[in-house]
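Undergrad: Here are the chains, one letter per residue:
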Amino acid sequence: MVELLAQTGLNALYAASYTALVAVGLVLIFGVMGVINFAHGELFMLGAYAIVAVYADWNLPYLVAVAVGMTFVGIVGLGMERAFFRPLRDNPLGGLVASIGFLMILQALVSMGFGVRMEHVPPVTQDVIVISEKVRLPVFRLAVILAAVVLLASLWAFLKRTRFGWALRASAQDPEAAALQGISINQTARIAMFIGAALAGVAGALTAPLISVNPHMGHSVIVTAFIVIIVGGIGSLEGAVIVAVAYAFVHTFVTTFFDGVIADIVGLLLLLVVLIVKPTGLFGSTDRA
Amino acid sequence: MFAKMFKDGLTRRRLLGSGVAMAGSAAAAAVLPRTAFAADKVVKIGFLAPLTGPVAAWGKPGLDGCLIWGDWINAAGGINIGGEAHAVEFVAYDNEYDPTKARTGATKLIREDGVKFIMMLGGDTWPGAQPVADRTGMLFSTLLPSDLSPDTTTLIAPCEVHPIYNVTGVEWLADNMPELKTAVMCAQDDALGLPSVATYLAAFEAAGIEMQDDPLLFDPATTDFAPVVTRLISGNPDIVCLDTCYADYVHPICEQLFQQGYGGQVISCTADFYQQIVAKTSEEFMEGFVFQFPDFDDPALNDENINFRMPNEFYAEYASRYGADQWGAVSWEYASIMDLWKAGAERAGSAEPDAVLAAMKEGGTGLHAFGEADWWGKDLFGIDNALVGNWPIVVIEGGKATIKEFRSIPEWYAKHGELLKKHMAAYGQMWDQRS
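Residue numbers (our numbering), protein chains in the order written: chain A, 1 to 289; chain B, 1 to 435.
Next comes chain B alone, as it looks inside the complex (with noise of 0.2 Å):
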């Protein structure tokens, strides 16, 4: 680190955040239990998710939050299995987004590298890694619930309830800016896109919000977005919304929506690397800007209700080891699946993927990184293999993300589920219609 440090340059930014990082490993040693393990006791965690490729933004940077976790878990003493400690080893696959290199890399952690648990984005990618899963039982985890059915009985969706907390940031638009009444959305046609598009349209009409135009969809291949953004604000909409649009696109979108002159709301699921899109336009056409992700800096997440281990100071050793401009949506989300995970083998004793998820599920509720939350899902996927609670809803102020608050995904559902069923189904999207 130190190497890096004085090879790119010492800045007051840059020791003060080391500093920082320096002191959060120091906390985190001192406030996880020590014990001391054997160098021969290493439970290996599979990473299957896109590395490279235009998807790597949700798989990369949650590798390196990995990273960090297990440094700290390790430093700490590891994880106690048993009775005896073991240190945590990532092994990664990129799976590049593709569902035929997923079940390579799937097959690979689990007979060459003899890994307990896989972690993946999911999406396009888990129709390849499922008959991996079905044939040898392994617990696999996805930030994609939208990949669950009743037949998928080892994969869990323990951290993000993709798309359905997009309701949260909807809701809060609405009552917060009554005066929005009229919305458009852009999303790239693929596996992610598509549920997103159904979960907006749901919201937006509980909101009350009236659709200008039906959701505009791309090809993902799409480079120019002139002509996406020409369209979505011909008719003058009050809000602009991009899906789960990935920052490849969010970044081209938001510059078009400047030079083209736009001045409305804009919602999106994600900002990834939203410092860029600001350096791309200006804190003006940004402030106010609603995603759903937060910094991992907000004192917010310091709320006795949050059970991610010191948030702020693993955002700062990330900060410290990859820079701050590098934080994205899964930069913290695989890290705390893995404290999930971490709980479920300590209280079952094993590292075994049955045993492991009869821990993690007793009792029918967990400890989701944003609060307590239910296992959840039967409705919807088929199956209660979803860990949903809270999500914050953050907005872009003075050019920094924020989290306004945290909104319950459930209460939404209790008022609005029929409405999300409905859109669901309308593109194919419930548990029984994806093939």
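Chain A with its partners taken away, still in its complex shape (with noise of 0.2 Å):
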């Protein structure tokens, strides 16, 4: 029994790392944009099928192929904030409406240019830690959790330590109260966008030798990182690290335990809970609630 807890620990951790990486990125979005993306999760495809490209089919390394993914899909969110966000910024609900239409176009684009079928990433290495008999740690998927807490590290040392992040968390508060400082509300924005894609890009990219990589893999992704948004508090990135790391542990217990269904009726128990005690979230404000 202690090998099944400290197995399932360790694939717990690895299921909070890159959701956090997701849900961080959508948070960043909402907090300064005030925008709901809904094609994060295609985002997160991107950043698969770039690995997809660079990787296993030009034959690059598997660290350059993840930082064209994670540069690629940043430019892609720039792309999204020009085009979309930015002419559509006092409205809220046409924002949403014009990620929707957005991830529809970007399934089909990859579609078209890759086809349908689940695409075989190679396996960037095959070697295990081997713990004990039972409670074996895959080496890519420690690399997986080290990268998500050193990209999480970096962002929030770039929130709390530089004048690009001050001007972040000052438009998140306030976005009024920023410009009359003198923060360019276009600049934060395109910053937040950048960084957010970039984050689930790099998501994508990182996991894509372990899942399937497909047009539509972006949906189960984007659900559970609504579910931690709102359970952490829309806008809040500690709130979003967090519940990432506690619903991956939840969901990750319960379908060792019990099984996956009813791990994801655990989770939408969770949040409907959350949403009836403390609507805005557990570290969620009132403001953009």
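In short, the hints are calculated from the structure, not lab data. A couple of the hints might just be wrong.
To be verified - Reference listing, derived: stretches of chain A covered by chain B, where coverage requires no fewer than 3 residues with Cβ under 8 Å from a Cβ of chain B: (1) 131–143; (2) 216–222.
To be verified - Facing chain B, according to a computed beta carbon distance under 7 Å, are these residues of chain A, among others: (3) 7; (4) 8; (5) 118; (6) 255.
As the list claims (entries may be wrong) - Calculated Cβ distances over 12 Å to all of chain A for the following chain B residues: (7) 61; (8) 67; (9) 71; (10) 94; (11) 104; (12) 175; (13) 234; (14) 255; (15) 265; (16) 349; (17) 384; (18) 402.
All residues carry an ideal CB built from backbone N, CA and C; glycine is no exception.
Work from the hints to combine the two standalone chains into their complex.
TA: Spelled out as structure tokens, the structure:
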């Protein structure tokens, strides 16, 4: 039983790592721009397809492919900001609808470019750290966990220690007051969109060798990310990280000890309870609720 | 084809593949009766299956196979209906495995395209199309006889008796590896997964293999299978059964079994694109993997009892057009259904659905791809609209799928039918339990 608990804990850590990356990106975009980006799952998908193209098809090194994926998806995010979210800044519903339309466009483009079938991504490494007979941590999963920790720590440092980070936080707290202080709303929106999209892209790129890469893979990720950011409090980065970890642990343990369908029900029940007891989410403020 | 070949790079394998495929095409044209047909004599066949989305692996490869079948038939003079040669044309509609889209697609194919027969994957999409079938009397086929009921009089399952044939794999395993005593199973919680769970439970019980745990069901939206696999192998089972999981699940589950150190037997209904699983795990890990769908380059398919025409040449053409690693469980199945439909239409002298159906079922037997078979199913589905006979047991050996044996599904059912009905009823999968 101890070994089963330990292996499940390691599984949960991995699930928490990529869930947190996706959820934090989604929160950042909402926090600064006030837009619910429904196409966030497709940005995750684009990151995975960058791995298919650069790593699997062109045989370039995996880390190069991850960097390309992260940058490419960040640039796509910049394009979304300029094309959809900026013109619709005063119309949050318009931004949401535009993002839904864009997710369909992205799915169609990827289907046309790569086909609809699952893509094969060769394993980066098959090495496994054998802790005991029944507790094993694949090296690649460990790498994903460490990469997520490094990226989230870097984001935290960026937000807390740099002028751009302060500007982002100021815009998220009160856009009008930030603008009065000379902070460019357009620039902070661009930065937030680039970082948010890049985080989704890098999550897709990191996990691509471990999951089924197909044009519709963003769907399940976005559902989980929405549960996480609603429970954590829309707009709260800390809430997104903490709830991503907690949700991943609950879901993974329930899947292991009951089954995956019950785990989904438990996740949605958590969402329901939080919405009833604290509609702003566990770490959210009333301003953005 | 040649433009694509040179664009992608002319390799020895590609050149050889193309050579074999061209030889196959030439052989097909030579073997099949050649008649001239007027350009305006075209019979349209609907292909209503998932071409995109997670279930596309059981739709798109089938359409690809049908296009080869159509090219070969047309090259050989078409289908002789009532003394006149007709070219065959496939009209595809992507239902995305969505019942609403299946209904829209069925209506469109009948009203706008004028098709005479519609092939479906079935499952969750059949309830969408059924009202259209009831209203129009159109002949439909499904790969999933669990769609059949006494009300589905124009629905046939002439190729695949999913999931009943899965019993042959378990029976073979028990006969050849009697040391395997315990099993676990996982499945997605949907219309494909659940009847298959019931079938495997019956097969394991009939074989005297004990289930260590209840089947572990997971949400079809699952992407990370580490927790599922951790749970599955926690009791050191001799056999891990992957039920009828989609390719999108079989691949990551196998990878997780490999990474979490499982060294036992794996059995699955399908192993689509298994070369990719071998690449993600190892040849050693995949050695002995049992499933139910052969590659059609298998020499065992050249047996005189096999009714699928020129299977090796068909496989070569498929590999040449789409790549050998794109061959999947359904690549040949819809084409095999077309063989039966063509024979029925030619015998009936008509392409009208009721006439073809009557001709196909004449005498209560039919030439299934894997041998002569019976129209069967009243006991289990409430209607004898499934063509059931032998089914192959396929084992991966040296990284390649190999047919080990053909076994009779009716013979198994004659011995263990009550067990199957018991488990089907427990999962609400008998025809009178389905809503």
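Undergrad: Now look at each hint and say whether the structure bears it out.
TA: Against the structure, the hints come out as follows:
With 5 residues bearing a CB less than 8 Å from a CB of chain B, the stretch 131–143 of chain A meets the requirement of three and the coverage assertion stands. With 5 residues bearing a CB less than 8 Å from a CB of chain B, the stretch 216–222 of chain A meets the requirement of three and the coverage assertion stands. Residue-level restraint check for residue 7 (chain A) holds (minimum Cβ-Cβ distance to chain B is 5 Å; threshold 7 Å). For residue 8 (chain A), the interface hint holds, since its Cβ comes within 7 Å of a Cβ in chain B; the closest pair sits about 6 Å apart.
The beta carbon of residue 118 (chain A) comes within 5 Å of a beta carbon in chain B, closer than 7 Å, and the hint placing it at the interface holds. Hint status for residue 255 (chain A) relative to chain B: holds, with the closest Cβ pair at about 4 Å, below 7 Å. Consistency note on residue 61 (chain B): stated as away from chain A, yet its beta-carbon is not over 12 Å from all of that chain's, at 8 Å minimum. The beta carbon of residue 67 (chain B) is kept farther than 12 Å from every beta carbon of chain A, the shortest such distance being approximately 15 Å.
Distance check for residue 71 (chain B) against chain A: the nearest CB is about 21 Å away, which clears 12 Å, and the non-interface claim stands. Not every Cβ of chain A is farther than 12 Å from the Cβ of residue 94 (chain B); the closest lies at roughly 9 Å, contradicting the non-interface assignment. Consistency note on residue 104 (chain B): stated as away from chain A, and its beta-carbon is indeed over 12 Å from all of that chain's, at 17 Å minimum. At the 12 Å boundary, the C-beta of residue 175 (chain B) stays outside the reach of chain A, the nearest C-beta of that chain being 31 Å off.
With a least beta-carbon separation of about 5 Å from chain A, residue 234 (chain B) fails to lie farther than 12 Å from that chain, contradicting its non-interface assignment. The non-interface label for residue 255 (chain B) is inconsistent with chain A: the shortest C-beta to C-beta separation is roughly 7 Å, within 12 Å. Listed as a non-interface residue, residue 265 (chain B) keeps its Cβ farther than 12 Å from every Cβ of chain A; the least gap is roughly 19 Å. A cut-off of 12 Å between C-beta atoms confirms that residue 349 (chain B) is not in contact with chain A; the least separation is 39 Å.
The beta carbon of residue 384 (chain B) sits about 35 Å from the closest Cβ of chain A, which is more than 12 Å, so the claim that it is off the interface holds. The Cβ of residue 402 (chain B) lies farther than 12 Å from every Cβ of chain A, with a closest approach of about 22 Å, so its non-interface assignment holds.
Of the hints listed earlier, those the structure fails to meet are numbers 7, 10, 13, 14, in rising order.
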